[in-house]
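*Asks:* Now for the letters of each chain:
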Amino acid sequence: MIVAAGPVIPNFGQGSPCERSNGWFCTDWLSAHWGDTLQPALVQHVWLTLIAVGIGFAIALGLALAGFRWRLVDAQIGALADFLYTIPSLALFQLLVPFTGLTVTTVEIALVSYTLLVLYRNMVEGLRGVPADVLESARGMGLTRMQTFVRVELPLASPAILAGLRIATVSTISVATVAAFIIPKGLGEPIFIALDQNLFKTEILAAGGLAVALALFADASLALVGRAATPWSRA
Amino acid sequence: MIADAFTPHTFLDAFGFIHHHASFLLQKTGEHLELSLAALGIALVLALPLGLWLGHRHRGLFVALSVSSLGRALPSVVLIAFGLTILGVGFWNNTAALVVLAIPPILTNAYFAIAGADRDAVEAARGMGLTEQQILTRIELPLGLPLVVAGIRISAIFVIATATIAAIAGGGGLGEVIVNQASYGLAGVVAGSLCVSALAFIAAFSLSLILRAVSPRHGRVP
Numbered sequence: 031m032i033v034a035a036g037p038v039i040p041n042f043g044q045g046s047p048c049e050r051s052n053g054w055f056c057t058d059w060l061s062a063h064w065g066d067t068l069q070p071a072l073v074q075h076v077w078l079t080l081i082a083v084g085i086g087f088a089i090a091l092g093l094a095l096a097g098f099r100w101r102l103v104d105a106q107i108g109a110l111a112d113f114l115y116t117i118p119s120l121a122l123f124q125l126l127v128p129f130t131g132l133t134v135t136t137v138e139i140a141l142v143s144y145t146l147l148v149l150y151r152n153m154v155e156g157l158r159g160v161p162a163d164v165l166e167s168a169r170g171m172g173l174t175r176m177q178t179f180v181r182v183e184l185p186l187a188s189p190a191i192l193a194g195l196r197i198a199t200v201s202t203i204s205v206a207t208v209a210a211f212i213i214p215k216g217l218g219e220p221i222f223i224a225l226d227q228n229l230f231k232t233e234i235l236a237a238g239g240l241a242v243a244l245a246l247f248a249d250a251s252l253a254l255v256g257r258a259a260t261p262w263s264r265a
Numbered sequence: 256m257i258a259d260a261f262t263p264h265t266f267l268d269a270f271g272f273i274h275h276h277a278s279f280l281l282q283k284t285g286e287h288l289e290l291s292l293a294a295l296g297i298a299l300v301l302a303l304p305l306g307l308w309l310g311h312r313h314r315g316l317f318v319a320l321s322v323s324s325l326g327r328a329l330p331s332v333v334l335i336a337f338g339l340t341i342l343g344v345g346f347w348n349n350t351a352a353l354v355v356l357a358i359p360p361i362l363t364n365a366y367f368a369i370a371g372a373d374r375d376a377v378e379a380a381r382g383m384g385l386t387e388q389q390i391l392t393r394i395e396l397p398l399g400l401p402l403v404v405a406g407i408r409i410s411a412i413f414v415i416a417t418a419t420i421a422a423i424a425g426g427g428g429l430g431e432v433i434v435n436q437a438s439y440g441l442a443g444v445v446a447g448s449l450c451v452s453a454l455a456f457i458a459a460f461s462l463s464l465i466l467r468a469v470s471p472r473h474g475r476v477p
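As they're listed, the protein sequences go chains V and G.
Counting from 1, position 199 in the first sequence corresponds to residue 229 in our numbering; the numbering is continuous, with no gaps.
Counting from 1, position 157 in the second sequence corresponds to residue 412 in our numbering; the numbering is continuous, with no gaps.
Some hints here could point you the wrong way.
Simulated coverage check for chain V against chain G, where a stretch passes if three residues somewhere in it have a Cβ under 8 Å from a Cβ of chain G [claimed, not checked]: (1) 77–84; (2) 108–117; (3) 121–135; (4) 191–201.
Chain G is nowhere near these chain V residues, computed Cβ spacing over 12 Å in every case [to be verified]: (5) D104; (6) F179; (7) R181; (8) K231; (9) P261.
If you are wondering where the hints come from, they were derived from the structure by calculation, not from laboratory data.
Glycine is no exception: its CB is placed at the ideal position from the N, C-alpha and C atoms.
Take the sequences, apply the hints, and build the full model.
*Replies:* Take a look at the structure:
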């Protein structure tokens, strides 16, 4: 064998028999590439989602306060959010690229836009759903407008807000897989790579399974947090 | 993947592309519509009767809820990639994946539309001697129709948007233009995106009109 002579030619035929025959689920591939492929993708996916939902929540809260106060603003915001929702994710990513390039910013702008509709609607509906007699008693107890909002309206609206947060988080995890089309980040990336590499089944199933598991896990944990935070909503 | 320089002028170029390749884009839009309608049609046939029946029987709340949350948790890319590994490349792989994505909103909304119909109205109808089928078609369905149509609207938007991603699995349609910048250039990519958005918007708008037509008018007795 010649050592260190000429360029190293990569040997593509070195995978396990399962990998070479593109078996349904190669556990040896999984253990070999968990560290360099799946785990980083999972962490990136979590970050993409957290940033998007965090920013989306802040913006939606600001908008919801405005929409709750002024009905006219509510109709405008609602129509705009409705319109944003009709733009397909792949198209929205591509349409943003001329402005912000192939960056995380592009992806986050798109992801945040998609969270807005659900979060905004649920916040406004939740705040509107507070019964009039409850507000009346709050005023009777001498609470100021601000105190009523913080101590009465916000807690009573929180189950609806949390329901919106769950939906927004799960759908963001779902849409974030498309982000790999723009930037090589998130669980979409191994899937796109596997699709390019002659449909490598193990990678598709592993990354896809992780994305679904992440979504279900996020949904369940937010539901638990909600139960703990709003003990009065338990029937 | 994308190598051109990005300027806001790209949008002008995109309109130029639409102008010069109108018949090509129309053909791709046709393919897109065909794929979306096939998926939506199959999903309607499968999910609508099931949702209406479960709702009428007030049974299967758990099914309706888990289908809706599972449907949301399944990323479209993952589903299409799964479909590709199981069914191979082709029209039916994409259709099957899109059907799975289209079912949850239709099923869940149909269920809650019918199950949520005014109990008093249903009891009154039963007292008047209407058969179960008549109760469903004459009382519960008219009352719940806005919610049913809203579910179909969500599904339609979803399917049209996701059919774009089907292009990664050789599905044709407008996605093929969007994912293939090497052939069509950035102008083509943006033009394709504009066409998909327009298609989704037209579908959403027309279903909104239907929704308005079937919604009860407030404060007016027919």
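*Asks:* Which of the listed hints are not met by the structure?
*Replies:* 1 and 8
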